[in-house]
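A.B. asks: These are the residues of each chain, in order.
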Amino acid sequence: MPKPFTPKVITANALLSGEVVYLTADDRWSPHLSDADLLTDEADAQVRLLDAEKRSHEVVGVYLVDMVPGADGPEPTHFREAFRRTGPSNYAHGKQAELKRSA
Amino acid sequence: MYSYSDFDAAFVAERNRQFRAQVERRIDGSLTEDEFKPLRLMNGLYLQLHAYMLRVAIPYGTLNSRQMHKLADIADRWDKGYGHFTTRQNIQYNWPQLRDVPDMLDALAEVQMHAIQTSGNTIRNVTADHFAGAAADEVADPRPVAELIRQWSTDHPEFQFLPRKFKVAVTGSPNDRAVTAAHDIGLRIVERDGEIGYAVLVGGGLGRTPMIGKVLNDFVPQADLLPYIEAVVSVWNLLGRRDNKYKARIKITLHEHGIDEIRRLVEDRFAETRQAFNGADLALFDAIKAQFAAPSFTKRPISDFERAYESDPVFRSWADTNLSDHRAEGYAITEISLKAHGATPGDATSDQMRVIADIAREFGHDELRISHEQNIVLPHVHKADLPVIHARLKSHGLATANIGLISDIIACPGMDYCALATARSIPIAQQIATRFDELKLEHEIGALKIKISGCINACGHHHVGHIGILGLDRAGVENYQITLGGDHRADMALGGRTGPGFSAEEIIPAIERLIGAYLDVREGKDEPFLDTYKRVGMAPFKTALYGAEDAKRTKAA
Numbered sequence: 001m002p003k004p005f006t007p008k009v010i011t012a013n014a015l016l017s018g019e020v021v022y023l024t025a026d027d028r029w030s031p032h033l034s035d036a037d038l039l040t041d042e043a044d045a046q047v048r049l050l051d052a053e054k055r056s057h058e059v060v061g062v063y064l065v066d067m068v069p070g071a072d073g074p075e076p077t078h079f080r081e082a083f084r085r086t087g088p089s090n091y092a093h094g095k096q097a098e099l100k101r102s103a
Numbered sequence: 001m002y003s004y005s006d007f008d009a010a011f012v013a014e015r016n017r018q019f020r021a022q023v024e025r026r027i028d029g030s031l032t033e034d035e036f037k038p039l040r041l042m043n044g045l046y047l048q049l050h051a052y053m054l055r056v057a058i059p060y061g062t063l064n065s066r067q068m069h070k071l072a073d074i075a076d077r078w079d080k081g082y083g084h085f086t087t088r089q090n091i092q093y094n095w096p097q098l099r100d101v102p103d104m105l106d107a108l109a110e111v112q113m114h115a116i117q118t119s120g121n122t123i124r125n126v127t128a129d130h131f132a133g134a135a136a137d138e139v140a141d142p143r144p145v146a147e148l149i150r151q152w153s154t155d156h157p158e159f160q161f162l163p164r165k166f167k168v169a170v171t172g173s174p175n176d177r178a179v180t181a182a183h184d185i186g187l188r189i190v191e192r193d194g195e196i197g198y199a200v201l202v203g204g205g206l207g208r209t210p211m212i213g214k215v216l217n218d219f220v221p222q223a224d225l226l227p228y229i230e231a232v233v234s235v236w237n238l239l240g241r242r243d244n245k246y247k248a249r250i251k252i253t254l255h256e257h258g259i260d261e262i263r264r265l266v267e268d269r270f271a272e273t274r275q276a277f278n279g280a281d282l283a284l285f286d287a288i289k290a291q292f293a294a295p296s297f298t299k300r301p302i303s304d305f306e307r308a309y310e311s312d313p314v315f316r317s318w319a320d321t322n323l324s325d326h327r328a329e330g331y332a333i334t335e336i337s338l339k340a341h342g343a344t345p346g347d348a349t350s351d352q353m354r355v356i357a358d359i360a361r362e363f364g365h366d367e368l369r370i371s372h373e374q375n376i377v378l379p380h381v382h383k384a385d386l387p388v389i390h391a392r393l394k395s396h397g398l399a400t401a402n403i404g405l406i407s408d409i410i411a412c413p414g415m416d417y418c419a420l421a422t423a424r425s426i427p428i429a430q431q432i433a434t435r436f437d438e439l440k441l442e443h444e445i446g447a448l449k450i451k452i453s454g455c456i457n458a459c460g461h462h463h464v465g466h467i468g469i470l471g472l473d474r475a476g477v478e479n480y481q482i483t484l485g486g487d488h489r490a491d492m493a494l495g496g497r498t499g500p501g502f503s504a505e506e507i508i509p510a511i512e513r514l515i516g517a518y519l520d521v522r523e524g525k526d527e528p529f530l531d532t533y534k535r536v537g538m539a540p541f542k543t544a545l546y547g548a549e550d551a552k553r554t555k556a557a
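Residue numbers (my numbering), protein chains in the order written: chain A, 1 to 103; chain B, 1 to 557.
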């Protein structure tokens, strides 16, 4: 039996800055995981992925990744995605610093 | 040190101009990422977890103060005010913006530096003993030949699309500090009947299939060296497995075909390559060698050093730990630790880079080296100047007295930065260093090399650590495997796995138990960890890690 589809978001790195970005419901790239569109339908997810991959003038390395719904939007299920959402653990660099500043 | 010729400068400028245009074409959409990626990699630009990363070569680990200042300026202007020195004598900037990279490369070119062939399936930065030109035990300075190989390999038309990356290291000393046996080609300078030549090791490497390099030829005379290594790379370029990147490195080629067959093929090819070299390489080598003439060492009393050594225990501890024998009387090789307890191994802030550069200019014949152990070396320092140097380093957090001790840990960037990593390395290194500093045990423990990699590719050299730690992803959780008994020196040894791995929470207590077992079973302070391990084997360490019952059960592991 095929594995049931688990909810996913589309993520990539921004072409110019390299920053981690997420695809929103209105097809923008947001640096905030909380803005990401949590895709629950497999066919929809595959079509959205194909469309996102065409946007190579904006992003690099587009992929689908597992997330679970949380109180404040999608939440990572794997530690790699938790680091991508936050930034490195040795310095307060990357999103943990930049998103705080813009908040 | 080597200074660029007009040809070199023009080559780098042209290459930078090309890359600037390639970046522009990527941004305006005329290049796809698939087209751009191999181009950016050949110029040292990666896309990592959170950002781009620019890897800049520090050829054979040698820098002058002007270059170090430039590295600091680049860190401030285009990055976040620091750089990360790597196990292959490169510096990595973790936060550049794509548009800025061409300007960064132009800034590097101003001080005769570049990022060419620091990535991609090419011959990479040629590394060398970080004590080159200074060590008391040296047969000859390895840097002239390393520079010769750099010039030969840079943009070599036959070797721009190799089956995989190719790494060369050179040692000029029988006490190998350049990890030559873990390189695709390791060169060891040897002397035979008064003639300088090279023992050529081939097929070493760490990564998922660690192998120790084998001697392909125990004496290649200077005149034959370039045609000989060209023959080696050429044979592999045709034989290497392009069908499977995990089997593409020369270590696998050597393993599959056997050293005798490879030797025969290399000899056949050498008969051809030798004809193609007309002696220009030898003239070039002599010209390069002249640029690496030793500085003029002076004879001065070392009473200032002796006074500080007697009166200041902090200075004494640092001198005992961080100095090595220099070939000139009254001089010392001084290592500056980039492993302050709790800091990220190999990181230096721009301020620290400038302090070190200024010390090198004032006291160190304007020379610096970067070690594969991620520390910085002042190769030529007169002992009389050491008290002043120490005080200056101390005021900038650079006087940690831990070279060769448990907190002098090699750690790759791991999953804090690297897109390939399966677990973090840096926090593990930070916690081990902090813990043993709290315990005030590290000088009691003595010589011990811990090396940590955040994935199987082994940039952190875990296979050759006395204690190796490999971070893996086990069912979505960081898990750390321990190996014991690795040795990175001339008689290289690969560590053996102790058994099942440990979680991030368990790994520091596990290392503490290992060290406790060592302190219990060693025959006094003069028996370092590695010697104890060789004498007693794995058993007491397994018991310390897993308990008496579980140790028996993990025997097969």
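Quick caveat, the hints were computed from the structure, so don't treat them as lab data.
Remember, it's a predicted structure, so these values are computed and weren't measured experimentally.
Note that beta-carbon positions come from the ideal geometry of N, C-alpha and C, so glycine has one too.
Don't take every hint at face value.
Straight-line distance between alpha carbons at most 30 Å, and here's what the computed DSSO-like set of lysine-lysine pairs gives [unchecked claim]:
(1) B:K394 - B:K440
(2) B:K37 - A:K95
(3) B:K245 - A:K54
(4) A:K54 - B:K37
With the Cβ distance kept under 7 Å, some of the chain A side facing chain B (calculated, not the full set) [claimed, not checked]:
(5) G18
(6) R84
(7) S89
A.B. asks: With chain B as the partner, please determine if R84 of chain A meets the hint condition of a C-beta pair closer than 7 Å.
C.D. replies: Since chain B brings a Cβ to about 6 Å from R84 of chain A, closer than 7 Å, the hint holds.
A.B. asks: Take a quick look at whether K245 of chain B and K54 of chain A sit within 30 Å of each other, Cα to Cα.
C.D. replies: holds (27 Å)
A.B. asks: Would the hint on S89 of chain A be counted as holding, given a Cβ-Cβ threshold of 7 Å to chain B?
C.D. replies: Holds: closest Cβ of chain B sits about 5 Å from S89 of chain A, inside 7 Å.
A.B. asks: Can you confirm whether the C-alpha distance between K54 of chain A and K37 of chain B stays at or below 30 Å?
C.D. replies: holds (16 Å)
A.B. asks: Is the Cα-Cα distance between K37 of chain B and K95 of chain A 30 Å or less?
C.D. replies: holds (25 Å)
A.B. asks: With 7 Å as the cut and Cβ atoms as the points, is G18 of chain A at the interface with chain B?
C.D. replies: holds (4 Å)
A.B. asks: Do the alpha carbons of K394 of chain B and K440 of chain B lie within 30 Å of each other, as the hint requires?
C.D. replies: holds (19 Å)
No hint from the list above goes unmet by this structure.
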